[in-house]
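Listed in order, the protein sequences are those of chains A and B. All residue numbers for the first sequence refer to our numbering, where the first residue is 28 and numbers rise by one. All residue numbers for the second sequence refer to our numbering, where the first residue is -4 and numbers rise by one.
Derived from the structure by calculation, the hints contain no laboratory data. Think of the CB as a built atom: it goes at the ideal place given N, C-alpha and C, for glycine as much as any other residue. Mixed in with the good hints, there may be bad ones.
Stated by the list, open to error - Cut-off 30 angstroms, straight-line C-alpha distance, at most; resulting in silico cross-link-like pairs (DSSO-like, lysine-lysine):
1. A:81 x A:64
2. A:32 x B:4
3. A:127 x A:95
4. B:4 x A:64
5. A:64 x B:52
6. B:52 x A:32
7. A:127 x B:4
8. A:32 x A:98
To be verified - Short, incomplete list of chain A residues facing chain B, as computed with Cβ under 7 angstroms:
9. 39
10. 42
11. 70
12. 131
13. 132
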Amino acid sequence: DQQVKQNSPSLSVQEGRISILNCDYTNSMFDYFLWYKKYPAEGPTFLISISSIKDKNEDGRFTVFLNKSAKHLSLHIVPSQPGDSAVYFCAARPGGATNKLIFGTGTLLAVQP
Amino acid sequence: NAGVTQTPKFQVLKTGQSMTLQCAQDMNHNSMYWYRQDPGMGLRLIYYSASEGTTDKGEVPNGYNVSRLNKREFSLRLESAAPSQTSVYFCASRDRGHLWETQYFGPGTRLLVL
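With the rest of the complex left out, here is chain A (with noise of 0.2 angstroms):
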């Protein structure tokens, strides 16, 4: 039973739009959140997190929402370059098991010069 889903398997988007990567999750338990970032032949890299007792973290180009009510994740990456493209894991930590983390199926983000 999959507990983190990222429902669309890919996404293209033109260099300087918004890209939105999404990620729904069924556990409410979950306390913390991250996405992590992975080109080919290599593994993933950490891109930026949230904690579940907020709704949005910037780091430049990339921002995390939560909405909790919703059980979703989304990740925008404004304006879309095209070293951004790889695939995109989101990843959630069940609440007091801190040496493990639940990831999604990932998305595959293709940015079209």
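Since the structure of chain A is already known, use the hints to place chain B on it.
For chain B alone, kept in the frame of chain A given last:
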């Protein structure tokens, strides 16, 4: 710093063969993890080691064993490989007690079981 290194990068096995995937980190991290990535499934935790001398099962431990050899090294063993274990395997490390932002991944081992 090399960060997290994994060997081999790619391996082909026949069903029933055994092999050990090696992982080492040079960041003095306490916690280490093994994940597998499959299409449509994301990253799933196989085993983890919160600190030297301890190991615990993750979401999908069946068919695998692990050894935390020392603080630097965490190996994953497949005793009798099956086609269902065809996957990309990632090792990661994290400084225990710190937030997950400090989790660093290796480049992965691509395993094909025929």
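Do the hints match the structure? See the list:
no. : hint         : verdict
1   : A:81 x A:64  : holds (22 angstroms)
2   : A:32 x B:4   : holds (29 angstroms)
3   : A:127 x A:95 : holds (20 angstroms)
4   : B:4 x A:64   : holds (20 angstroms)
5   : A:64 x B:52  : holds (25 angstroms)
6   : B:52 x A:32  : holds (22 angstroms)
7   : A:127 x B:4  : holds (25 angstroms)
8   : A:32 x A:98  : holds (11 angstroms)
9   : 39           : violated (19 angstroms)
10  : 42           : violated (27 angstroms)
11  : 70           : holds (3 angstroms)
12  : 131          : holds (5 angstroms)
13  : 132          : holds (4 angstroms)
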